[in-house]
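Asker: Take these sequences, add in the hints, and give me the full structure.
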Amino acid sequence: MKNKNILKQFSTVIILVVLVAFFSIMTDSFLAAKNIFNILRQVAVLSILSVGMTFVIISGGMDLTVGSLLGLTGVICAKLLVEAQIAPVLAILITLLVGAAFGTITGILIVRLQVSAIVITLGMMTVARGLAYIISSGIPIYKIPESVVSLGQGYVGGIPIPVIIMLVIVIFAGFILNRSYFGRYIYAIGGNVEAARLAGVSVNKITVSLYSISGFLAGIAGTILMARISSGAPASGLGMEIEVVTAVVIGGVSVNGGKGKISGAFLGALIIGVLGTGLTIMNIGEYYQQVVKGLVLILAVAFDTFSNREKVKKIKAE
Amino acid sequence: MQAVLELKNITKEYPGVKALDNISVQFYPGEVHALMGENGAGKSTLIKTVSGAIQPNAGKIYFEDREYDHMTPALSQKLGIGVIYQDFNLVPELSIAENIFLGHKLKKGLTIDRKLMNQKAKEIMDGFGIEIDVTQPVKSLTVAYQQMVEIAKTISGEVKVLIMDEPSAPLTTREIEAMFGIVNRLKEKGVSVIYISHRMEKIFRISDRVTIMRDGQYIGTKMTKETSRPELINMMVGRTLEEQFPSAKRQIGEIALEVKHLYTHALLKDVSFYVRKGEILGLAGLVGAGRTETARAIFGADPIAKGEIWINGKKAHITSPKDGIGEGIALIPEDRKKHGALLEMSIRENISFISIKELSKGTIVSKKKDQELSRQFIERLRIKTPSMEQLTKNLSGGNQQKVVLAKSLASKSNIIIFDEPTRGIDVGAKQEIYVLMNELAAEGMAIIMISSEMPELLGMSDRIVVMHEGEVTGELSKEEATQAKILDLASGK
Chain A
1 MKNKNILKQF STVIILVVLV AFFSIMTDSF LAAKNIFNIL RQVAVLSILS
51 VGMTFVIISG GMDLTVGSLL GLTGVICAKL LVEAQIAPVL AILITLLVGA
101 AFGTITGILI VRLQVSAIVI TLGMMTVARG LAYIISSGIP IYKIPESVVS
151 LGQGYVGGIP IPVIIMLVIV IFAGFILNRS YFGRYIYAIG GNVEAARLAG
201 VSVNKITVSL YSISGFLAGI AGTILMARIS SGAPASGLGM EIEVVTAVVI
251 GGVSVNGGKG KISGAFLGAL IIGVLGTGLT IMNIGEYYQQ VVKGLVLILA
301 VAFDTFSNRE KVKKIKAE
Chain B
1 MQAVLELKNI TKEYPGVKAL DNISVQFYPG EVHALMGENG AGKSTLIKTV
51 SGAIQPNAGK IYFEDREYDH MTPALSQKLG IGVIYQDFNL VPELSIAENI
101 FLGHKLKKGL TIDRKLMNQK AKEIMDGFGI EIDVTQPVKS LTVAYQQMVE
151 IAKTISGEVK VLIMDEPSAP LTTREIEAMF GIVNRLKEKG VSVIYISHRM
201 EKIFRISDRV TIMRDGQYIG TKMTKETSRP ELINMMVGRT LEEQFPSAKR
251 QIGEIALEVK HLYTHALLKD VSFYVRKGEI LGLAGLVGAG RTETARAIFG
301 ADPIAKGEIW INGKKAHITS PKDGIGEGIA LIPEDRKKHG ALLEMSIREN
351 ISFISIKELS KGTIVSKKKD QELSRQFIER LRIKTPSMEQ LTKNLSGGNQ
401 QKVVLAKSLA SKSNIIIFDE PTRGIDVGAK QEIYVLMNEL AAEGMAIIMI
451 SSEMPELLGM SDRIVVMHEG EVTGELSKEE ATQAKILDLA SGK
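Top to bottom, those sequences are chains A and B.
Residue 170 in full-length UniProt numbering sits at position 170 of the first sequence, with consecutive numbering throughout.
Residue 331 in full-length UniProt numbering sits at position 331 of the second sequence, with consecutive numbering throughout.
A couple of the hints might just be wrong.
[Said to hold, decoys possible] Here are the simulated DSSO-like cross-link-like pairs (lysine-lysine), alpha carbons at most 30 Å apart as the crow flies: (1) A:K259 <-> B:K222; (2) A:K259 <-> B:K315; (3) A:K205 <-> B:K384; (4) A:K259 <-> B:K314; (5) B:K18 <-> A:K205; (6) B:K357 <-> A:K259; (7) A:K205 <-> B:K222; (8) B:K369 <-> A:K261; (9) A:K205 <-> B:K202; (10) A:K205 <-> B:K315; (11) B:K361 <-> A:K261; (12) A:K34 <-> A:K143; (13) B:K139 <-> B:K18; (14) B:K202 <-> B:K222; (15) B:K357 <-> B:K314.
[As the list claims (entries may be wrong)] Computed footprint of chain B on chain A; a stretch qualifies when at least three of its residues, placed anywhere within it, have a C-beta under 8 Å from a C-beta of chain B: (16) 15 to 25; (17) 176 to 188.
No wet-lab data here; the hints were simulated from the structure.
Idealized CB from N, CA, C, for every residue including glycine.
Answerer: What follows is the structure in structure tokens.
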């Protein structure tokens, strides 16, 4: 059992190494230090969203709002900065709160209406995208202040700022999931929700809080993306939720809940990032990339299901 | 007489373990052949070689004189071997009737003849002595009724050999009687019934012969009439067990929990009783009497419509399991796997789960305290495991039950409700659970024990409260309680 997990964790590392080796051989520029930072910078947004998604999926849920929320929070932050002329710190703070609040509403709807998370978040995903277009009147908001743009484009000690933010979040989240009782509750809810409830866990409260966290992290990611492209674009993050789910599932987080690790999800995000950048450097068009990414998602889920089935067979044989 | 099914020198090896070691047994038509042994003895593995779920490494299977190296599920079904497994194969969303006729739908042209199907299903259930609406979905049934449906499903086809894995374990007396009626009828029809159970008294009532297994080996076959309980236990465990119910000396104190005029929306009507510190209160009744519902309402798992719960002389306000735990109540649920254990988590993570906030600084769990707590309870409850990091799903039923108990004890509960504490647990582990319950009572804990097993109720309880259809119908002291009196009260007389 344990060996299997190690193997699975290990297999994502192998996939990553193989991909990196492949692109290094196929192109000249892939392995350049500048490009590696570039990849990490681009992966930052995906990784941060993956952290929230990992929490939600381990608890047995699903959050499809993150892509749209990325666009919505980016637009809101840009609007506050450019049109309302609010101080950057305050504008970002409000943006993060909006993300968290949106997630909280999503969570409350799931818990109260007892409708599946996929359906609720699918609806809220559309709502968020609509709001992004309404607020921006459908046009990207430019002229973002330099101080904010550096959040997406700047460096500290030679390391891109988004990469630093990403690492802090990933490490902190891994710590919470592994070492805190909150983390153990998340696994328990995903593994056996009724047993968790009977053990005194406030399942509803925790479920709502996970969607809040996911929304909050989408706010951070949205702000970083807006800063990186120095505009609040209502269309940004379109289809991003699929990439996030793909990354998380490749990383060995089970869509059935109860199993998975932040480190795995992070590796998954790196694989998606490397795949995207590598294919771009090889001059493979965006449309073909979509086909590849979709197939990768199916493969990842199939692998997850397959290894589960093997396990079930083994247990039955005992 | 000619054996309908014969196993010859069956051996099944897994890496490192001989699950079956050269087993030979014969099963005759029209006999009830009990298969006994502790968990891990190899009974289930043996059954699986017969049903074709697994293939033996060596040996032959003879069915009506034809020789087979191994069975497949399709072949065994075709030959007329029916199996009722411990974990049911029912489709929760489908109705009782649809489940019974799942494999062989009754057709009228291209469509299913629902009327005929429901009527036939009703006939079968009536034959069990159970009045039930066969159009309701299986998921709305309790475990006991689900098992009846499983049996009905298996015998609705043509069977020559019927294997029943632990069939009587969760059933109440009335249903067991009904089922024995069914078994006897099948027997008269010449069906060979293989009956796997831990429950001695049932085996003595129903079986003609008993085969004992231990550690994958064949120990022996006895005519039931010519053997005795101690002899069978001896063969099963390889040592003599002391008397089944450990004697207990304990001091009964003040009232720990009192339920006053409790009502729920669905079932309970004016339920009142109390349990004192150091006392084991038996809660008896048939399936559907409302015992589990009472336990869940007290604990906060289900809402209360009306009534009060008093704990240590104070009125308690319990609206969620969290409140119940806060009041020092523990519920050890009937369905261990669904409601009790966190199977995908380790023993350690289970044991500390309820009390985890106390083991944490801020939100971070202290690894040292966490491990210390597990070590303490693994030792105290004598949980058999190589490591506290073992996943709970890999443990035997008895050890899983101990882990669930440890989880509650670690949260410093002092009122413990056991719902069918020894269901599906082997003889040796049962004994251990009884000893533990006595120890807990001796420490001054108040214990409520819901049980459908008469010997357990009579042997363990200081007092017995009996329920019938949501109401308390009587209370018996240890001295006055007899099986007959309990049954009278349980059937509403």
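Asker: Which of the stated hints cannot be reconciled with the structure, identified by number in ascending sequence?
Answerer: 1, 2, 3, 4, 5, 7, 9, 13 and 16
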